[in-house]
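Trainee: This is what each chain is made of:
There are 2 protein chains.
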Amino acid sequence: MAKSKKNEPVILITNDDDITSPGIRSLVEAVKGLGKIVVVAPDKPQSGMGHAITIGSPLRMNKMNLFGDIEAWQTSGTPVDCVKLAVDKILHRKPDICLSGINHGANHSINVLYSGTMSAAMEASIEGIPSIGFSLMDYRYDADFEPSKKIVHKIVSEILKQKKLDDHLLLNVNIPSVPYNDIKGIKICKQAYAKYEEDFDERTDPHGKKYFWLTGEFKNFDKGKDTDVFALQQNYVSVVPVQFDLTNYTLKKVLEKSKLFK
Amino acid sequence: MAKSKKNEPVILITNDDDITSPGIRSLVEAVKGLGKIVVVAPDKPQSGMGHAITIGSPLRMNKMNLFGDIEAWQTSGTPVDCVKLAVDKILHRKPDICLSGINHGANHSINVLYSGTMSAAMEASIEGIPSIGFSLMDYRYDADFEPSKKIVHKIVSEILKQKKLDDHLLLNVNIPSVPYNDIKGIKICKQAYAKYEEDFDERTDPHGKKYFWLTGEFKNFDKGKDTDVFALQQNYVSVVPVQFDLTNYTLKKVLEKSKLFK
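Protein sequences, first through last, are from chains A and B. For the first sequence, this note's numbering begins at 4 and goes up steadily by one. For the second sequence, this note's numbering begins at 4 and goes up steadily by one.
Looking at chain A on its own, in the form it has when it is part of the complex:
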């Protein structure tokens, strides 16, 4: 890997819960000592923002003193904007690795698409920066991140030790919310086919007009034992290698044979 002046890797850290969340603080603490850390993260919660970018309004950045001697910036943008700003306006170079999280709440299975945490990591991967998104299966603000910090440290250390790393390496790591000793190990998995069954909560405002809250029940339709959802149920940490080429090559072959549009 390319190294900073002091021959240590540059580690860009971001998230989607906002720069003041306990999750991002835990991520910083987990990798302290593994390289030169720079934090660039949103100034407000950006959960569920997916791969959104800000094109209709300008972006702001402010330097923050939140992590001792670690350089930190909050931006008014989405998680994807944060990665773009970090590379182009703060680091003026590609970091050696981008870490996103630790998210308050799971980002397994289909959540990879809705998650700002994973979209930030994916944006870095598109840019040719190896990248990992971390999520703890606990939505609470005061979730216990101590076991996660050990897992994060282990995974990032191993990845940084690799001599030759795929520039587009992108991992979606989910961590069960159990004591460290109850974690059975780390499993490489595929993304489960699971989704939310929507059930909008319909209410009436004081002016008599209806409004709707998006809610829904998570359902796993995937019976496979090689999925992230299955691994997490067994108290394993799930690691799903992710790609940004969304081409469905199987369907591509079928359509080519069918001559449907000839």
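None of these hints come from the bench; they were simulated from the model. Treat the hints with care, as some may be off.
Since the list gives no way to pick out one identical chain from another, each pair is judged satisfied if it fits inside one copy or across any two copies.
As the list claims (entries may be wrong) - As a list, the in silico DSSO-like pairs of lysine-lysine whose alpha-carbon atoms are at most 27 Å apart:
#1 35 / 222
#2 66 / 255
#3 213 / 66
#4 222 / 212
#5 166 / 97
#6 226 / 255
#7 92 / 35
#8 153 / 213
#9 262 / 222
#10 35 / 153
#11 153 / 256
Starting from the known structure of chain A, fit chain B onto it as the hints suggest.
Mentor: Leaving out everything else, chain B in the frame of chain A:
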């Protein structure tokens, strides 16, 4: 395909440019007669929203009279929210097909990730609704959608004729901005590896503070002749079959062999 009472397919139409855009009107006109159309689309521009969903604020919907006798609703949500609201609160069933667009501007290559048009289509595909996103390579409000309408009609007719359709069928269709007779045909393609080289436009506000506009130059790094970008350069309509399983199976095998995290 399942049919409506009149034995005609139910066609859900959405977009990301907003319900009043000429692109969505052209899409409605292009498929009129092919089924029972219901339009559910955002009440404001939602370009670049990716797979964002609205969880921090409630959603509003209003019935609109914009397309003659065709049922139409505008919502305050993202394109993905529109699909969820349409299925759960308007249709109370899955439509037989979901069409998104016609987008003012290209959504080829990596744009599939940022595009609200394609995210709406992908959300439908996750829900088990065959879905197609259409984009014209012309950003202008007054772009000429007439050639696109013929292409859309041809593709949707062919898809609706199929006896057995993959519930998760998802196509990303991009149309070159040329006269109809100059379109050479329809090509099944893979997503090109192309991206934006960011170049934020830095400005100073009247109070002396900096702000940044996201800009960038599109660059195609993919030399393949089977990509969407290549096909479009040759004046073909590009059709990329898209999937929402983002697992990188090649990297999965490598990581499993490496025993990195054992």
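Trainee: Taking the hints in turn, state whether each one holds.
Mentor: Structure-based check of each hint:
In this assembly of identical chains, the alpha carbons of residue 35 and residue 222 never lie at most 27 Å apart, being 37 Å within a copy and 36 Å across copies at closest. In this homomeric assembly, residue 66 and residue 255 never come within 27 Å of each other (Cα to Cα): the closest approach is 47 Å inside a single copy and 38 Å across copies. For a Cα distance limit of 27 Å, the shortest separation of residue 213 from residue 66 across copies, 12 Å, qualifies, whereas the shortest one inside one copy, 42 Å, does not. In this assembly of identical chains, the alpha carbons of residue 222 and residue 212 never lie at most 27 Å apart, being 31 Å within a copy and 47 Å across copies at closest.
In the homo-oligomer, the alpha carbons of residue 166 and residue 97 lie at most 27 Å apart inside one protomer (18 Å), although the nearest pairing across protomers, at 50 Å, exceeds that limit. Taking the closest pair of Cα atoms, residue 226 and residue 255 come within 27 Å of each other both inside a single copy (26 Å) and across two copies (19 Å). Only within a single protomer do residue 92 and residue 35 lie at most 27 Å apart by alpha-carbon distance; the minimum there is 23 Å, versus 48 Å between protomers. Proximity of residue 153 and residue 213 under a CA criterion of 27 Å is satisfied in neither setting, with 47 Å inside one chain copy and 39 Å between copies.
Taking identical chains as interchangeable, the C-alpha atoms of residue 262 and residue 222 are never at most 27 Å apart, the minima being 36 Å within one chain and 31 Å between chains. In the homo-oligomer, the alpha carbons of residue 35 and residue 153 lie at most 27 Å apart inside one protomer (12 Å), although the nearest pairing across protomers, at 58 Å, exceeds that limit. When the C-alpha separation of residue 153 and residue 256 is checked against a cutoff of 27 Å, the pair qualifies only between copies, where the shortest distance is 25 Å, while the shortest distance within a copy is 44 Å.
Violated hints, listed in ascending order, are 1, 2, 4, 8 and 9; each of the other numbered hints is respected by the structure.
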